[in-house]
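Let the hints inform the model, and build the full structure from the sequences given.
Per the UniProt record's numbering, the sequence shown starts with residue 1, numbered consecutively.
Any given hint might turn out to be false.
[Said to hold, decoys possible] Simulated crosslink set (DMTMM-like; lysine to aspartate or glutamate; CA at most 25 Å straight-line):
#	residue 1	residue 2
1	139	30
2	289	201
3	111	127
4	354	326
5	208	326
6	82	2
7	289	243
8	197	146
9	112	75
10	112	99
11	354	342
12	111	125
13	197	99
14	112	2
15	176	75
16	176	131
17	197	220
18	56	131
19	208	351
20	111	99
21	176	326
22	56	2
To be clear, the hints were calculated from the coordinates, so they are not data collected in a lab. Only a predicted model underlies this, so the values are computations on that prediction, with no experimental measurement involved.
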Amino acid sequence: MDLFEYQGKQFFGSFDIPVSAGEAVTTVEDAVAAAERLNTYPVVVKAQVQVGGRGKAGGIKLANDADEVRTFATDIIGMDIKGHTVNVVWIEVASDIAEEYYASFTLDRAKKSHLGMLSAEGGVEIETVAEENPDAIAKIWIDPVDGLDEATLREWVAAANLNPDATEGAVDILGKLYTAYVDGDADLVEINPLILKPTGEVHALDAKVTLDNNAGFRHEWAAYEATQERDEREEAAHEAGLEYVGLEGSVGIIANGAGLAMSTLDVVNQAGGSPANFLDVGGGADADKFVAALTILDNDPRVKSILINIFGGITRGEEVANGIIEALGRIDLAHPMVVRLDGTNADEGREILKPHLGDTLQMESTMLSAAAKAVELAAARA
1 MDLFEYQGKQ FFGSFDIPVS AGEAVTTVED AVAAAERLNT YPVVVKAQVQ VGGRGKAGGI
61 KLANDADEVR TFATDIIGMD IKGHTVNVVW IEVASDIAEE YYASFTLDRA KKSHLGMLSA
121 EGGVEIETVA EENPDAIAKI WIDPVDGLDE ATLREWVAAA NLNPDATEGA VDILGKLYTA
181 YVDGDADLVE INPLILKPTG EVHALDAKVT LDNNAGFRHE WAAYEATQER DEREEAAHEA
241 GLEYVGLEGS VGIIANGAGL AMSTLDVVNQ AGGSPANFLD VGGGADADKF VAALTILDND
301 PRVKSILINI FGGITRGEEV ANGIIEALGR IDLAHPMVVR LDGTNADEGR EILKPHLGDT
361 LQMESTMLSA AAKAVELAAA RA
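This is the structure we're talking about:
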């Protein structure tokens with residue numbers, strides 16, 4: 001779950017990370033009132049969208065008085081930034097900046113460790129820094145069992161060549177940022193820029209936070225959940241309890257298990273096609289799940305064919321087959337569908353499907369052949 005900047009700052013604030021005072025508002029008049037309540041100028045009017053490039057798009061403006069707040073808020077609210085409509089603006093006390101840094105924690109799955117990245121070159125996308133000057137990024141890998149101690153933090157700050165005036169503040173914030181990352185069940189916490197003020201204070205000027213949805217039961221995240229941006233497909237999947245990510249291709253994907261779903265996307269690409277989505281129906285095989293999944297894909301104008309790739313484990317093949325057949329009886333599917341069924345009781349499942357095979361429902365024995373057939377069908381309907 002990706003948070004907006006203002007939510008990320010609220011999240012950071014709960015771990016005592018210093019952030020700028022501000023208010024999130026949805027109207028021009030509320031923007032002016034928020035600036036007045038902050039009782040100091042200049043303030044920054046910042047578009048709240050979950051995409052980069054806000055500044056270049058005109059979504060971040062420095063306002064010196066109430067009239068400028070009104071003008072900028074009028075311009076920014078409703079603005080389209082890379083396909084995202086600005087519905088919320090963050091009115092924030094402006095900060096004096098001496099230097100800008102970058103800091104983040106995320107998971108390095110390959111090394112089974114947490115990864116910390118710190119750079120004296122902040123204020124720009126870290127991908128740009130990594131490409132143009134990779135030595136400018138100091139990295140550390142943290143064993144989740146051992147955690148992160150102060151000595152390691154100080155070595156890390158020194159390795160990143162931060163201004164010595166920033167050392168104490170950076171060590172303090174980075175320690176708190178790691179705590180926020182671990183205790184807050186985040187997949188990513190990023191501050192860009194992390195600033196050094198002329199007064200010597202170190203401060204989080206921006207906040208990018210991605211939370212682990214699987215840990216939601218441990219937290220009160222209802223307010224974050226309520227503001228999530230989803231298109232119609234994603235909203236329908238969310239309401240049905242399906243793990244779904246919309247893509248831009250023409251082959252709709254249904255699989256059981258995230259790993260198999262990801263592999264299916266890769267095989268569709270290998271077969272010369274392009275996946276329209278990631279959709280994991282999980283361990284259940286009931287008709288309701290297949291109805292929900294098939295309805296989402298069938299209503300997607302990008303989708304030209306559907307590939308169902310199931311590997312039975314606890315879920316048995318005949319249950320999957322019966323769920324598919326019942327689902328087809330409840331919806332009028334507009335696109336051809338290819339099923340690959342393997343694993344527990346797969347033979348029984350395939351026997352159940354055989355009498356129903358035809359133009360709408362086709363079956364293949366391997367993942368690659370099923371992907372190739374789905375790609376072929378999508379191409380014929382393009």
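Checked hints:
no. : hint      : verdict
1   : 139 / 30  : violated, 42 Å
2   : 289 / 201 : violated, 53 Å
3   : 111 / 127 : holds, 20 Å
4   : 354 / 326 : holds, 14 Å
5   : 208 / 326 : violated, 44 Å
6   : 82 / 2    : holds, 17 Å
7   : 289 / 243 : holds, 11 Å
8   : 197 / 146 : violated, 32 Å
9   : 112 / 75  : violated, 45 Å
10  : 112 / 99  : violated, 33 Å
11  : 354 / 342 : holds, 15 Å
12  : 111 / 125 : holds, 24 Å
13  : 197 / 99  : holds, 7 Å
14  : 112 / 2   : holds, 22 Å
15  : 176 / 75  : violated, 36 Å
16  : 176 / 131 : violated, 28 Å
17  : 197 / 220 : violated, 33 Å
18  : 56 / 131  : holds, 21 Å
19  : 208 / 351 : violated, 50 Å
20  : 111 / 99  : violated, 32 Å
21  : 176 / 326 : violated, 52 Å
22  : 56 / 2    : holds, 21 Å
In summary, the numbered hints that this structure violates are 1, 2, 5, 8, 9, 10, 15, 16, 17, 19, 20 and 21.
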